[in-house]
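Going down the list, the protein sequences come from chains A and B.
Mapped onto the working numbering, the consecutive letters of the first sequence carry residue numbers 1 to 217.
Mapped onto the working numbering, the consecutive letters of the second sequence carry residue numbers 218 to 439.
The hints are simulated quantities; they were obtained by calculation from the structure and are not laboratory data.
Computed from a predicted structure; not experimentally measured.
All the pointers check out, no bait thrown in.
Heads up, incomplete: computed chain B residues facing chain A, CB under 7 Å, no partners named: (1) 269; (2) 297; (3) 304; (4) 307; (5) 316.
A virtual CB, placed ideally from N, CA and C, is assigned to each residue, including glycine.
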Amino acid sequence: MECIVQGIIETQHVEALEILLQGLCGVHRERLRIHEICLKNSPNLGNVASEIRLLCDLEQTEHMWTVKHVGGAMRGAGAEQISVLVRTMVESKVSKNVLRLFYALGYKLDHELLRVGFAFHFLRGAQITVTVSSINKMLKLHATDEAVPVTPGIQVVEVTAPATSENYTEVAAAMSSFCEYLAPLLHLSKPGVSTGVVATAAAAAASLMSDGGGTTL
Amino acid sequence: MPIKWVLHWQPHAGTSVNSQILNEVSQCVESINGVKEGRWKATLTFYKPMLRDQSLAGEFPRDFLGISVPEQPNKYYFVIRAQRIVMEADSSIQNIMEKLQSYKMRVALNFEGFQYQLGDFQLRVGKVVPTHSENLRGIVMEVEYLPISSIEKSRQIMEEFLEIWKEALSKRSLPGQFMHMEPNFTEYGLPEPYTSQHTAVQYATVMAQLIASVQSGQAVRN
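Pulled out of the complex, with its shape left as it was, chain B reads as follows (with noise of 0.2 Å):
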């Protein structure tokens, strides 16, 4: 399947996220020609396990996510970041989880918006937001790049598509920018080809990055 970065939204330190930020890049997108097609929704889930004893809580995953794509609507995937491990499954895993009573859903996130056709890339930019709320938490953007499934072979026009779009944004003069945190895949045992497996293991590393602005944030603020 082809390449895809996933960028989130970095904030400028003593600055937040906001619609309007959303709003701008949106725009964006659309002045340099990119047509809008449709919606879309990728989902991620923190799990956290049932213990009998909290104290031994330090044993069992802290990070153990779920994450859905929109590429794969029959498939669900499961990533355990500090353990590199990434696990593709028929959506009925979930099924299986709720069975096993030891792990139960903990937050649950929707990454969503609009998608976006410009010539051989497809661009979708999107809010992150918990399920059932418009509290906006982030923003991300997925970049794919339709002729190449190559991670490696397509990482000059990736980098190259990348500086247009950069230079496009700044004319806006937003408080942040958008960054690319590529995971080692290879840690994770992924190779090539690119697959939804990577694009899983980007969402988890994103997450990760999220998490640590919005702290970084918090610990700014006081």
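So here's chain A without its partners, still in its complex pose (with noise of 0.2 Å):
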């Protein structure tokens, strides 16, 4: 299980956020270069359709493969009061064989992208982390040195934290606390919850800019 919101800032207030992150984090970021390959079941197999994500860290000297899948976000009245989606979600680490093997099983490539980027990792109430990244599609498949940006000029801004059933809200509760002090540079909301760019982000990135943080926004 996850929480997670998203929000989208424009690629020349990066630097910015990064400055904050940093101040609010306390941590080093991590590069981020994460391939992602998402394949689908083939029609006949299995009764439901079912998608499985392959995520190649490029970073790591040896390629590190993880499988992940993501399931239904948890719905009803509890669900709409909380300020962040919780959703079932699995992941394992695999060794390199793992896009051999789904082929063989039956599974197709529906679509892969490629994160450029960074990310924070930190405990403030929750074990948290921040990613930002382009988002690049690849012009060849599983090209990616040949990658290009799907929206130039903007970049994707994920809050995530591991959960359970029995410490979702607590968990939630830590993401909206600390994604306050992002609000002045960029709105997080629930993924499929389209926000945009925030007005005062130009304003409150110069602030981060002069001072390098010491400002508080």
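Mind docking these for me? Both chains are given alone in their own frames, and the hints should help you get the complex.
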């Protein structure tokens, strides 16, 4: 299970966001270069449509693979009152043969993309991860060296935290509390809820850049 | 990790495996001063595809196996023997397969028994039984040589040990023998040194041999 919110920010303000995150998190950022391959079952396989994501971390010397299954979001009155999305999610680290295996099992490539940016991992009431990345598409199959941005000038910000059925309300509260600090620069919401860029972003970014984050927003 | 050979009991034509053979094998290990240490268990599961049109079953693998080994309690291994594919994953991959609902578990087998220390060797003798059943389907034996992790460098000493072992066992006049069918690890993309992925591939190979010997036994009886 995980809690997640997303938002977008103009590339010109990413450096300011990084300064803000650095100050808030107290940890160094990690570079992010993830090749994400989304597979779906072939029509005859399985009684329901299923999707699986294969993530290859290209930043590691020896590429590390992860399989990720994202399930349905929590629904109902309780879910609507929470400002973050709570959904089932299961991950597994796997060895490099994963793509061959799933192709052999009857899964087909639906789409692939390359996320390039950075991430902060820190503990603040919950184990929170903030990723800031451009989403890039490949012009040729699996050609990660020839990727181009899907939306030039715009980057995606994701804030996630693992959760369980016992603690998701606490995790959601910790995330919401943290996200308030980012409000001058970007608006974070549940995936699928479009919010656009924030009007105050330019001024907030200028403030951050002028004194390196010393100013309280 | 140390090199390991996984052997399976091959009954003589017209005979089948039984618990008496298993007892004799265990006693033989102890007679050559193997020190009993404790229990061990590995599992192997056959997965089958969930298909809307069964006539298209030929398009999907018939030998998709999931394997767990005691050395790696947090790992799970998938093998598709016909395509020479092996993959190591966290145990959570089983949850993922369940959520995908594209393959389901068909038959699950346990390989379980006792392990013994014999100098630099660790031996495991195990029965092959379906989960929740005592119906003996086969006998396996693991021979692990602790000082070496190279498949090639260990070959001679493993073969010498196997000769000693077979000679000790032959005095009991059992209707069969242990066989070692080494898979072509290179075809699975597995280089040196030895790993648990190699073990998973050996178990998949042993399984194929056990199925073949059961089927040939049935053919003889028919």
